[in-house]
Amino acid sequence: MLRKLIYLNWSAFLNRLTNFQTFLVVGYIIFLLILFSNLLGSALVIVLFDQNPIITDQLPWLTAEIHQLITLIFANVLWILHFSFTSTRLLNMEENRKLLAYGYPVKKLSWYLNLMGFFHPLNLIYNFTWLVFLLMQIQNLMYIPVVITVVLLNYAVIYSIKHRFLKIVEKRFKIVVFSALFLIFGTIQAIAIISRQFEQIIAHYLPSIEIINSYLFYTPGGLLQYTATGTYNLPTASAIYGFSALLIFMIFRDHFFKTREGLQKPVRERKIFKRNKRWHYLKKWLGLNAGKFYHYVFSHSYNRLQLLTIALIPAVYIPLLLQLGNSYYSALLIPTMLAAIPVALLAMGMANMFGYENKEFLLHKQFPVSFEKQLKERFLGIIVVPLLIFYLITTAEIIYLPQLGSVVEIYVANTFFFVCFTLVFLWASFYYYKKVNYSSFSFKHPIIPQKVTFMMMFLIFGLGYAVFAPLGEYQIYRLWVMGGLIIAIGIYLWRDMDLLVRAFNKHILQPVWAEAEQ
Amino acid sequence: MPDVNEARLQMNQAIEINGLQKSYGDTSVLNDFNLSVPEGNIFGLIGPNGAGKSTLIGILTGLLDYDNGKIILNGRELNEQNELIIKREVASVLQPPLLFEHFTSHDFLHYICDIYEIDPETRQLKMDSLLEYLGLTEFEHAKINKLSAGSRKKLSFCAAILSDPEILFLDEPFESIDVISIGRMKTILNRLQQKGVTIIITSHILEIVETLCDDIAILHNQKIIAYLDSETRKELQKDATLSEIFESYVQVEQPKNDVLKWL
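Each protein sequence line maps, in turn, to chains A and B.
Counting from 0, one number per residue, gives the positions in the first sequence under numbering that gives the first Met the number 0.
Counting from 0, one number per residue, gives the positions in the second sequence under numbering that gives the first Met the number 0.
Just so you know, these hints were derived from the structure itself, not from any lab.
Some clues are possibly wrong.
[To be verified] Quick look at which bits of chain B chain A covers, simulated, 3 or more residues with Cβ under 8 Å:
(1) 53-61
(2) 76-87
(3) 91-99
(4) 103-114
[What the hints assert, rightly or not] Straight line, CA to CA, 25 Å or less: simulated SDA-like cross-link-like pairs of lysine to any residue:
(5) B:Lys-69 / A:Val-368
(6) B:Lys-145 / A:Asn-357
(7) A:Lys-358 / B:Leu-63
(8) B:Lys-125 / A:His-279
(9) A:Lys-358 / B:Ser-53
(10) A:Lys-358 / B:Glu-100
(11) A:Lys-264 / B:Ser-175
(12) B:Lys-125 / A:Gly-286
(13) A:Lys-375 / B:Glu-79
(14) A:Lys-276 / B:Lys-125
(15) A:Lys-358 / B:Asn-144
(16) B:Lys-145 / B:Ser-175
(17) A:Lys-283 / B:Asp-118
(18) A:Lys-358 / A:Ala-513
(19) B:Lys-69 / A:Phe-366
(20) A:Lys-276 / B:Ile-114
(21) A:Lys-372 / B:Glu-76
(22) B:Lys-145 / A:His-363
(23) A:Lys-282 / B:Ile-114
(24) A:Lys-505 / B:Ser-53
(25) A:Lys-375 / B:Glu-82
(26) A:Lys-276 / B:Asp-118
(27) B:Lys-145 / A:Val-368
(28) A:Lys-358 / B:Glu-88
(29) A:Lys-282 / B:Gln-123
[Said to hold, decoys possible] Some, not all, of what chain B presents toward chain A, calculated at C-beta under 10 Å:
(30) Asp-64
(31) Lys-142
(32) Ser-155
(33) Ala-158
(34) Ser-162
(35) Trp-261
Here the structure is a predicted model, which means the values were calculated and not measured.
Where a beta carbon is used, it is the ideal one built from N, C-alpha and C, also for glycine.
Whenever a hint applies, use it, and build me the whole structure from the sequences.
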């Protein structure tokens, strides 16, 4: 029965793969192999490197305490990685639930699904790395069952915590996101400060390493480490083993019952009765069409995440670049990153132009308002908001970062940057719609795929070099060229705005209609 | 076989279609299609799956282009010049219904009222009464993508009625809807008919079509193969149900008697 279940799940998984997804899966397998070799390699090196005489000769500061500190840090980093990568969405409940209708016993199904979750490659990689890392440090054979049990317990606990953590994220999205933002920003700043004054900081904390280690032993990674390196006798080992085994049994039992409940009682989608003010404000400020467009864009969590990324990258890197002082790279990278913010917003908007509302456009097309007018309003909305951000950023650059150039230079360069990408996105939204599936601006996948993100990064930095690289006395010629091109592109954009309407009628309407009929 | 009634052409026609042709690539969906629907009629359009009913409604509601032919709605030819005027006079409920998925029912209906410039007092009165009558009040502030199939259909129906149409196209309007709501929808349709609204219904539930519609046309093989006005229907339905009449026109190939002998 288990064999049939595995076969069914694999068939369901493989049959859904398109060529592009198969390519992604191959990439994922390569990623897993690299991850596995890196983790295992790091574990081996960290455990063994203090035993190598060549290394100990070259690193005289490597005392037993420092080595312990390094292994404890590694154990905790491994735990954080394990926690982050453990997937809780391994069980395909929707598909497997159908098996119940064909008489598959619910108890067996629930048990097998949990078992299959445990054998996910990522879980195997992390649990195996833990085993190798800890078993290499044991002092006595009696530690082996304890280590194995504790590794299993660790997996079960991570699985349980993460399940609950995801629920918290769903309920408290904003708080979690801002905390993450704060944490990442703080960590990077801390690393930057430490890397600048590495020796002084180490020298300052060196006498306290034993105290730090004693604290680190109480962290999750430290506790796992202790089961292999701590000194305890057989009764203690038996007690740890027995208690951990009991906990594993109880947690797995809990998972089993939860899975069985999940299989038998599918979660009914809640009808949301919350009044949302966002739409009313957007309608007031941006009108019926552009307002609706932004309302939809913000309804999708992926877009909120993209917005966060757009805010996060400059928030982290620009202060770091500013700390580097007036170097050539900061003169180039800072304005490029700032100019890229409105461009990224524009890209997000254009990717969603016909996106989430593809079927709804049929209703829009029935309205007694020119469809061209409706689409133009949306398009103007897509331009206006990034344009506002663009002006705010440019003004802030002029006030707070005068070293980047004169007022005219910054305005012309940023405007040029913005109109160039508006043109690129307008063309892309017309020509790429010919390939409706998996294009950068597809109505079926209204999110910017990674390959397009990479291409855009390349274009942004390429144009950044062309526009912001200091040219000295030739700067004035570049300004004239950019000014001329801004006017030409501006006239083109104004005259050819119906490109989007034509794109919809020519490439989108028919597939949307066919899909709506299904 | 009764043809398009000559006498009807003398009456005021809400819809007149002549020589309509529509194809998707090499596949022809409607070929030399002709139809006239009198004003104020509740008109049933029935046909097997894939007959082209939805495509016809798509064309009549201005969603799909057609290859050839002439369409007159409410005395105006459907072309670029008249498009917006016609759209103001026409409303539809499509299958599946077209709704704004991320809106609440309340916000969606207000959006429709904004588009059709309905004043605040009238819209509130109409919205409240329609939602109450069709049992949707409790879902007024629910997100549309969380509503059941029946509630979605009813909401789309409300939106279509709100715009005060002169011609109403309903594609499978009773699918997934409970008996009580079907009764209420029928009452609304009868009231609209009394106001002179022309209603075109496509449905596979022939019992409802039979009781609700005045005239019925059968669409098959890209054409109207039978036009049954009320007189003709009365005559034919003395001996047969609409379902039997439909089968006799469509001439579905009967399966062999022993095909289910294993059952």
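Now for the hints, and whether the structure bears them out:
Restraint check on the region 53-61 of chain B versus chain A: 4 residues with Cβ-Cβ distances below 8 Å, three needed, restraint holds. Only residues whose beta carbon comes within less than 8 Å of a beta carbon in chain A count, and the region 76-87 of chain B has 4; three or more means the coverage holds. Beta-carbon proximity to chain A at under 8 Å applies to 7 residues in the region 91-99 of chain B; the threshold of 3 is reached and the given coverage holds. Counting residues of the region 103-114 of chain B whose C-beta lies closer than 8 Å to any C-beta of chain A gives 5; at least three are required, and the coverage claim holds.
At most 25 Å may separate the alpha-carbon atoms for a hinted pair to count; B:Lys-69 and A:Val-368 meet this at roughly 23 Å. For the hint pairing B:Lys-145 with A:Asn-357, the CA-to-CA distance comes to about 18 Å; that is within 25 Å, so the pair holds. For the suggested pair A:Lys-358 and B:Leu-63, the alpha carbons sit about 14 Å apart, so the restraint of at most 25 Å is met. For the hint linking B:Lys-125 to A:His-279, the alpha-carbon distance of about 21 Å falls within 25 Å, and the restraint holds.
Our distance criterion of 25 Å between C-alpha atoms is met by A:Lys-358 and B:Ser-53, whose separation comes to about 15 Å. About 10 Å separates the Cα atoms of A:Lys-358 and B:Glu-100, which keeps this hinted pair within 25 Å; it holds. A distance of roughly 23 Å separates the Cα atoms of A:Lys-264 and B:Ser-175; the hinted pair therefore holds under the 25 Å criterion. With a C-alpha separation of about 24 Å, the suggested pairing of B:Lys-125 with A:Gly-286 holds against the 25 Å cut-off.
Between A:Lys-375 and B:Glu-79, the direct Cα distance comes to roughly 18 Å. Compliance with the 25 Å bound is thereby established for this hinted pair. Between A:Lys-276 and B:Lys-125 the CA atoms are separated by roughly 23 Å; this keeps the pair inside 25 Å, and the hint holds. Note on A:Lys-358 and B:Asn-144: the hinted pairing holds, with a Cα-Cα distance of about 13 Å set against a maximum of 25 Å. Straight-line distance between C-alpha atoms of B:Lys-145 and B:Ser-175 comes to about 15 Å, which keeps the hinted pair within the 25 Å bound.
Restraint check: the Cα-Cα separation between A:Lys-283 and B:Asp-118 comes to about 17 Å, which is no more than 25 Å; the hinted pair holds. Distance restraint check for A:Lys-358 and A:Ala-513: the Cα-Cα separation of roughly 10 Å lies within the 25 Å cut-off, and the hinted pair is therefore satisfied. Between the alpha carbons of B:Lys-69 and A:Phe-366 the distance comes to roughly 22 Å, so the proposed pair stays at or under 25 Å and holds. Between A:Lys-276 and B:Ile-114, the direct Cα distance comes to roughly 20 Å. Compliance with the 25 Å bound is thereby established for this hinted pair.
Distance restraint check for A:Lys-372 and B:Glu-76: the Cα-Cα separation of roughly 22 Å lies within the 25 Å cut-off, and the hinted pair is therefore satisfied. Restraint check for B:Lys-145 and A:His-363: the C-alpha separation of about 21 Å stays at or below 25 Å, so the hint holds. With a C-alpha separation of about 13 Å, the suggested pairing of A:Lys-282 with B:Ile-114 holds against the 25 Å cut-off. At most 25 Å may separate the alpha-carbon atoms for a hinted pair to count; A:Lys-505 and B:Ser-53 meet this at roughly 20 Å.
As the CA atoms of A:Lys-375 and B:Glu-82 are separated by approximately 18 Å, the hinted pair is consistent with the 25 Å bound. Restraint check for A:Lys-276 and B:Asp-118: satisfied, since their Cα atoms lie roughly 22 Å apart, inside the 25 Å limit. Distance check on the hinted pair: B:Lys-145 and A:Val-368 sit about 28 Å apart at the alpha-carbon level, beyond 25 Å; violated. Annotation: proposed proximity of A:Lys-358 to B:Glu-88 holds, straight-line Cα distance about 22 Å (limit 25 Å).
In summary, the hint linking A:Lys-282 to B:Gln-123 is supported, as the alpha carbons are separated by about 19 Å, within the 25 Å threshold. At about 8 Å, the closest approach between the beta carbon of B:Asp-64 and any beta carbon in chain A falls short of 10 Å, and the interface hint on this residue holds. Interface hint at B:Lys-142: satisfied, since its Cβ lies 5 Å from the closest Cβ of chain A, which is below the 10 Å cut-off. Annotation: B:Ser-155 was flagged as interfacial toward chain A, and the flag holds, the nearest CB pair being 9 Å apart, inside 10 Å.
Annotation: interface hint on B:Ala-158 holds; nearest CB of chain A at approximately 9 Å, less than 10 Å. The interface hint given for B:Ser-162 is met, as the beta carbon of that residue sits about 8 Å from the closest beta carbon of chain A, less than 10 Å. The beta carbon of B:Trp-261 comes no nearer than 20 Å to any beta carbon in chain A, farther than 10 Å, and the hint placing it at the interface is violated.
The structure does not agree with the numbered hints 27, 35 stated previously, though it agrees with the rest.
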